[in-house]
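J.: Chain by chain, the residues:
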Amino acid sequence: MINNEVTDIIGPPVMKNGWGAWINRNLFSSWFNTVLTAICLYTLWLIVPPLIKWFFINAHWNIPAEECRLGDGACWSFIVHNFRFILFGFYPFEHHWRPALAILLFGIITLVSINKNWWNRKLMYLWLVTFLGMAILMKGGIAGLTPVTADRWGGLPLTLILSVTGILFAYPAGILLALGRCSKMVGIRAICVGYIELIRGVPLISLLFMASVMFPLFLPDGVVINKLLRAQIAIILFAAAYLAETVRGGLQTIPKGQYEAASALGLSYFQQMRLIILPQALKTVIPSTVNIFISTFKDTSLVVIVALFDLLATTKASLANPEWLGFSREGYIFVAVIYFTFCFSMSRFSINIEKELNRGY
Amino acid sequence: MENSDSEIIIQITNMHKWFGDFHVLKDINLAVHKGERIVVCGPSGSGKSTMIRCINRLEEHERGRIVVDDIEITNDMKNIDQIRAEVGMVFQQFNLFPHMTILENLTLGPKWVQKHSANESEDLAMKYLKRVRIVEQAHKYPGQLSGGQQQRAAIARSLCMHPKVLLFDEPTSALDPEMVKEVLDVMISLAEEGMTMIVVTHEMGFAKQVADRVIFMDEGQIIEENIPHIFFNDPHHERTRLFLKQILP
Numbered sequence: 314m315i316n317n318e319v320t321d322i323i324g325p326p327v328m329k330n331g332w333g334a335w336i337n338r339n340l341f342s343s344w345f346n347t348v349l350t351a352i353c354l355y356t357l358w359l360i361v362p363p364l365i366k367w368f369f370i371n372a373h374w375n376i377p378a379e380e381c382r383l384g385d386g387a388c389w390s391f392i393v394h395n396f397r398f399i400l401f402g403f404y405p406f407e408h409h410w411r412p413a414l415a416i417l418l419f420g421i422i423t424l425v426s427i428n429k430n431w432w433n434r435k436l437m438y439l440w441l442v443t444f445l446g447m448a449i450l451m452k453g454g455i456a457g458l459t460p461v462t463a464d465r466w467g468g469l470p471l472t473l474i475l476s477v478t479g480i481l482f483a484y485p486a487g488i489l490l491a492l493g494r495c496s497k498m499v500g501i502r503a504i505c506v507g508y509i510e511l512i513r514g515v516p517l518i519s520l521l522f523m524a525s526v527m528f529p530l531f532l533p534d535g536v537v538i539n540k541l542l543r544a545q546i547a548i549i550l551f552a553a554a555y556l557a558e559t560v561r562g563g564l565q566t567i568p569k570g571q572y573e574a575a576s577a578l579g580l581s582y583f584q585q586m587r588l589i590i591l592p593q594a595l596k597t598v599i600p601s602t603v604n605i606f607i608s609t610f611k612d613t614s615l616v617v618i619v620a621l622f623d624l625l626a627t628t629k630a631s632l633a634n635p636e637w638l639g640f641s642r643e644g645y646i647f648v649a650v651i652y653f654t655f656c657f658s659m660s661r662f663s664i665n666i667e668k669e670l671n672r673g674y
Numbered sequence: 080m081e082n083s084d085s086e087i088i089i090q091i092t093n094m095h096k097w098f099g100d101f102h103v104l105k106d107i108n109l110a111v112h113k114g115e116r117i118v119v120c121g122p123s124g125s126g127k128s129t130m131i132r133c134i135n136r137l138e139e140h141e142r143g144r145i146v147v148d149d150i151e152i153t154n155d156m157k158n159i160d161q162i163r164a165e166v167g168m169v170f171q172q173f174n175l176f177p178h179m180t181i182l183e184n185l186t187l188g189p190k191w192v193q194k195h196s197a198n199e200s201e202d203l204a205m206k207y208l209k210r211v212r213i214v215e216q217a218h219k220y221p222g223q224l225s226g227g228q229q230q231r232a233a234i235a236r237s238l239c240m241h242p243k244v245l246l247f248d249e250p251t252s253a254l255d256p257e258m259v260k261e262v263l264d265v266m267i268s269l270a271e272e273g274m275t276m277i278v279v280t281h282e283m284g285f286a287k288q289v290a291d292r293v294i295f296m297d298e299g300q301i302i303e304e305n306i307p308h309i310f311f312n313d314p315h316h317e318r319t320r321l322f323l324k325q326i327l328p
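Chains A and B are the protein sequences, given in the same order.
Taking the working numbering, the leading residue of the first sequence gets 314, the next gets one more, and so forth.
Taking the working numbering, the leading residue of the second sequence gets 80, the next gets one more, and so forth.
Please keep in mind that the hints were generated in silico from the structure rather than gathered at the bench.
It is possible that some hints are incorrect.
[Unchecked claim] Pairs of lysine to any residue, SDA-like flavour, derived with a Cα cap of 20 Å:
1. Lys190/B - Leu532/A
2. Lys497/A - Glu139/B
3. Lys219/B - Lys452/A
4. Lys452/A - Trp431/A
5. Lys157/B - Ser576/A
6. Lys157/B - Arg465/A
7. Lys190/B - Gln585/A
8. Lys668/A - Trp431/A
9. Lys569/A - Ser128/B
10. Lys113/B - Lys219/B
11. Lys219/B - Asn671/A
12. Lys243/B - Lys219/B
13. Lys157/B - Lys452/A
14. Lys157/B - Lys668/A
15. Lys497/A - Ser128/B
[Unchecked claim] Simulated restraints on C-beta separations:
16. Ser343/A - Val214/B: 46 to 52 Å
17. Asp149/B - Glu510/A: 46 to 52 Å
18. Ala253/B - Ser496/A: 28 to 34 Å
Treat the numbers as computed from the prediction; the structure is a model and nothing was measured.
Glycine included, each C-beta is placed from N, C-alpha and C at the ideal position.
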């Protein structure tokens, strides 16, 4: 028999809750912690108020550059006067609504895709339609839209196109490379290992240079691939090699028994991979996959070396305008915020997907 | 009881296998008739699992012949696929697919290998889930089931393929003791229905109850092969006697 009286008397230890208790426990639990807390508070006091002053209180929002230089706050006028060039580069001014709409469409379809219940064939078609729509908007030439050649694209749309297309093509390519690297067939394995090691062994910059300088040498006379496409291919090749290694890491986490059970059922190699192995392997490597997506997004800023005007390049160009010389702080803070918004969204998006996929098991 | 009249479904002759330099299977000879229930026992490392894994090519044999239902196992993938469609396997670790519900685990084979429609596959799956008495778990994920339930689901998954032979690789060894019986009960009822089974197990009670033949393996060889009555009461070989003494209470 259990002694009921004793088990009744002993309850769980009492936990103090609420703000007061939390502060006591975490900030002032000992004299050492109290000193640390005081130092932190003092540092914040030194840093935060001047920052707020510079950012908001003394900031100028819409005055000419000359007056802006006299003030001691941030000169957001620089952004206000230049944001259309920063965002859209040399895209014809009166057509700026087109890239803007393209970005908006992309944002909407991304938001729609957050919900796992909507992942079906229809959504896939919707994505294709969206991409087609974006391409038409950017390129023009049909539906009464004035054609705009790719060498005039720039700013945020360029950054997005390079990174999204890069990721979309590099992901499947990376998966195939990873499967190839794990293949039992020596030839295929050698090719994949060679490719991955070669691409990983050189910096993206050199790939971009090769794409713009050496690539045309291999093409027959008269065939010209535009600069944008060449840079795009370099980015895909680069990201695929990194993704391949990440995916391979995921493949290695799958127990041998899963392959055996799938084989014993009589599933073919590709069925095994598609239905059993990859869904599990890709899920486990979502964090590092998104890591590569994020760095691909940021690496697109390197295309400036082949004279493409991505977001960072358009910002720099605006800063070089004699009228607005000297406002690089404001300019760089502005692009930093844009980059951060996108990267942070990607990170949240991936956490969301992980949660969706974790339901049930 | 060995029935020499009925058709031979598995014929293994002079089969050898090595893991590197280690000779795991030495000159295995075995004929299994349709409807026969065979229990394989022996100390760990004796090659029992490896032997049955050769029957559906999860392991490759290096010498000798294995013929399953008149198809010889060679390097020809077509033969191997054909044999895998006829030979079901139940693993020690269940090996259910964790990212799919139990129902999805079961419909996978019928749908993708046998090309049944989604509805047909589902009916089939539900039929066998009923058969192993876990219909109510159909929409759960493997991780939400107990070990015994998972193993029963794994048996149902094999049954969905209508196999001619079922191989069991220590099906109860990874289970908590209180769950062994529910799995054995399913296996016994399959045996009673006339399913051809080769079972690697240490459950000697099961062997006594359902086996037509018990095979004792040691160091990669089949040492003794006998009907349960004689095997347990009057084994011919000294090594069999020693082994039985160690595992029987």
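J.: For every hint, state whether the structure bears it out.
T.: Quick rundown of the hints versus the structure:
no.	hint	in the structure
1	Lys190/B - Leu532/A	47 Å, violated
2	Lys497/A - Glu139/B	15 Å, holds
3	Lys219/B - Lys452/A	49 Å, violated
4	Lys452/A - Trp431/A	30 Å, violated
5	Lys157/B - Ser576/A	13 Å, holds
6	Lys157/B - Arg465/A	56 Å, violated
7	Lys190/B - Gln585/A	13 Å, holds
8	Lys668/A - Trp431/A	15 Å, holds
9	Lys569/A - Ser128/B	15 Å, holds
10	Lys113/B - Lys219/B	35 Å, violated
11	Lys219/B - Asn671/A	13 Å, holds
12	Lys243/B - Lys219/B	29 Å, violated
13	Lys157/B - Lys452/A	50 Å, violated
14	Lys157/B - Lys668/A	41 Å, violated
15	Lys497/A - Ser128/B	24 Å, violated
16	Ser343/A - Val214/B: 46 to 52 Å	59 Å, violated
17	Asp149/B - Glu510/A: 46 to 52 Å	48 Å, holds
18	Ala253/B - Ser496/A: 28 to 34 Å	31 Å, holds
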